[in-house]
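Number of protein chains: 2
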Amino acid sequence: MIYIGVDLGGTHIAVGVVDSEKGILHKEECPTLAHRPYEEVMQSIVDLCKSVIKNSDVNVDSIESVGIGMPGIETPEGLTHCKNLFWHGVTLRKDLEKLLEKSVYIDNDAHAAALGELEFGNLKGADEAIMLTLGTGVGGAMIVNRRILSGYNHAGGELGHVTFVHGGIQCACGRKGCLEKYTSATALIRMGQEYAQKHPESKLHTLKGSLDEISAKDIVDGAREKDAACVAAFEDFCEYLSDGIISFINMLNPQKVCIGGGLSNAGDFLFDKVRKKCTERYFSPLHNDTEIIPALLKNDAGILGAAMVAKQGE
Amino acid sequence: MIYIGVDLGGTHIAVGVVDSEKGILHKEECPTLAHRPYEEVMQSIVDLCKSVIKNSDVNVDSIESVGIGMPGIETPEGLTHCKNLFWHGVTLRKDLEKLLEKSVYIDNDAHAAALGELEFGNLKGADEAIMLTLGTGVGGAMIVNRRILSGYNHAGGELGHVTFVHGGIQCACGRKGCLEKYTSATALIRMGQEYAQKHPESKLHTLKGSLDEISAKDIVDGAREKDAACVAAFEDFCEYLSDGIISFINMLNPQKVCIGGGLSNAGDFLFDKVRKKCTERYFSPLHNDTEIIPALLKNDAGILGAAMVAKQGE
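Those protein sequences? They're chains L and H, same order as listed. Take 1 as the starting number for the first sequence in our numbering and just add one per residue. Take 1 as the starting number for the second sequence in our numbering and just add one per residue.
Be aware that a few hints might be false.
[Stated by the list, open to error] Over 10 Å on every C-beta distance to chain L, these chain H residues come out as not near it, computed from the model:
| id | residue |
| --- | --- |
| 1 | N59 |
| 2 | D218 |
| 3 | E235 |
| 4 | D268 |
[Said to hold, decoys possible] Result set (BS3-like, lysine-lysine): computed pairs, CA atoms no more than 27 Å apart in a straight line:
| id | chain 1 | residue 1 | chain 2 | residue 2 |
| --- | --- | --- | --- | --- |
| 5 | H | K176 | L | K273 |
| 6 | L | K276 | H | K176 |
| 7 | H | K176 | L | K176 |
| 8 | H | K94 | H | K311 |
No lab work stands behind these hints: they were computed from the structure. Glycine is no exception: its CB is placed at the ideal position from the N, C-alpha and C atoms.
Generate the whole structure from the sequences, applying the supplied hints.
Structure below.
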């Protein structure tokens, strides 16, 4: 089956023609220019969709439907909200369906990422799984019987917004101590900066122009090289992440927990530590079967996932 | 349809013949005497089942199957574990099926309670729900599409064992800061005892022989009467409980959150406060639709729920 996958982000729009067996057949992208009026951004999506269809060898009639993965939500009434794009209740699905003459399905990017891994990546074959995407925040998805579990208003899956430290660090969602304040890439950077203050000898001070510019990868690299500030920050981060993962295992008892986002590139240096910490604290032997694995899909994850949003929607 | 429901607890075994439309037709109970060998406890269950069938007007052939709700788990291999009964891998289901000549289904008591509310109580009509049973610990159940969500090894639903205060109070499960250390009846009692130390004028000091004997209800009653220690403890408790509930709403976006256990008898005094706190901190308007309600079933909850474990198993 062939779908169009639209990876709609705050900086880029990437669109691909996706064969559910073979993967991406052809893809194109353009900048989002998110400050533009909704109609213009929407038109860019339409133009890209038409262009990828034209430039691939696929007949337009063979395309089942269009899936969109984006950092936003669609209400049950069909209104799309997206802070990054300044959309407060636009009729994206309806508008695209009219202009593209195909069914359109919208889901958030974390759900799309999980569906991509389920079809093409490291969640292949898993019936029950959790996906955590560690980036600026923590995106989440729960898979039950190979489908996204999204709840009554399709607004579930906010795994980054469960209380992890009651009364802890202020979160943008309005509450305090949400998991994403302790397990996102942003959180690791904050921990690195804090430990660097206590370690004037840390390489973090001289690596970039200022401490404000260090990345999560800088801290992981520093921890590998035994820089004391990086080692301490990475240790705290792994402790938090493991404790968060165990909570989800106790609740949902998934077959696999898949970790995405740039941090998952840290590989066994991260995963060996997290797996060991989780195994030390499992609730019962029945909770100790869960595999903790990195996401497989990298650059094309957004397009592949968005196409699978369409497949799941059908 | 008619089922046998077995409410198997550490102190009592209660068994009822349950009509899925009309409720309990006849019930009987006996002490568990949990120190006895497994075979004897199992025989007591068999005897009670045979007795309720004999003493009800129901023909044995019209009974579909037998459901058991208990503070334990059955592994996918059919071995039952229950700390309260000192069972470490007994073949309860197989043994009962042989002696009763009926199919037997086993689930934990929190799942059974949720299924009881779903069929006979305040979760009637809910497709997506969460149930929290606040007692010595916190039992949990997630309902998706009117079925218990139990995960890969059927070991999910441990909603009391998600991290709520990372590094917080030691939990019996081995980890620290689990939600049940802050939102169980036991937790409320601890908070009452702690605040009583700071309030020598509190009625908690004279209510019972010692502070060790106060109950969760004593603290709720004291808070109603504006006893300062009780007010402070109850306020903290409601704050914790609300924050825990919002986490589950953000994750699972359920239609209803049902609270069971003795504490739910506190009624609007508890629920008005919890609802207000939750509404003040919802993640998006889509997360603000969830109803937070008390459990309806009281004394017969165990038998009704166990019978619905059988119904769900069929």
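Proposed proximity, K176/H with K276/L (alpha carbon, max 27 Å): Holds. K276/L to K176/H sits at ~17 Å (cutoff 27 Å).
N59/H clear of chain L by more than 10 Å, beta carbon to beta carbon? Given a closest Cβ separation of 37 Å, the condition holds.
Quickly compare the C-alpha distance for K176/H and K273/L to 27 Å and report which way the hint goes. Status holds; Cα separation ~19 Å.
Distance restraint between K94/H and K311/H, which requires alpha-carbon spacing of 27 Å or less: 18 Å, holds
Far enough from chain L: is every CB of that chain over 10 Å from the CB of E235/H? At about 14 Å from chain L, E235/H clears the 10 Å cut-off, so the statement holds.
Hint check: K176/H vs K176/L, CA-CA at most 27 Å. Holds or violated? Distance of about 19 Å is within 27 Å: holds.
Chain L versus D218/H - minimum CB to CB distance exceeding 10 Å, so not interface: For D218/H, whose nearest Cβ neighbour in chain L is about 25 Å away, the distance exceeds 10 Å, so it holds.
Checking a non-interface call: every C-beta of chain L should be farther than 10 Å from the C-beta of D268/H. Is that right? 24 Å, holds
When the structure is compared with the earlier hints, no violation turns up for any of them.
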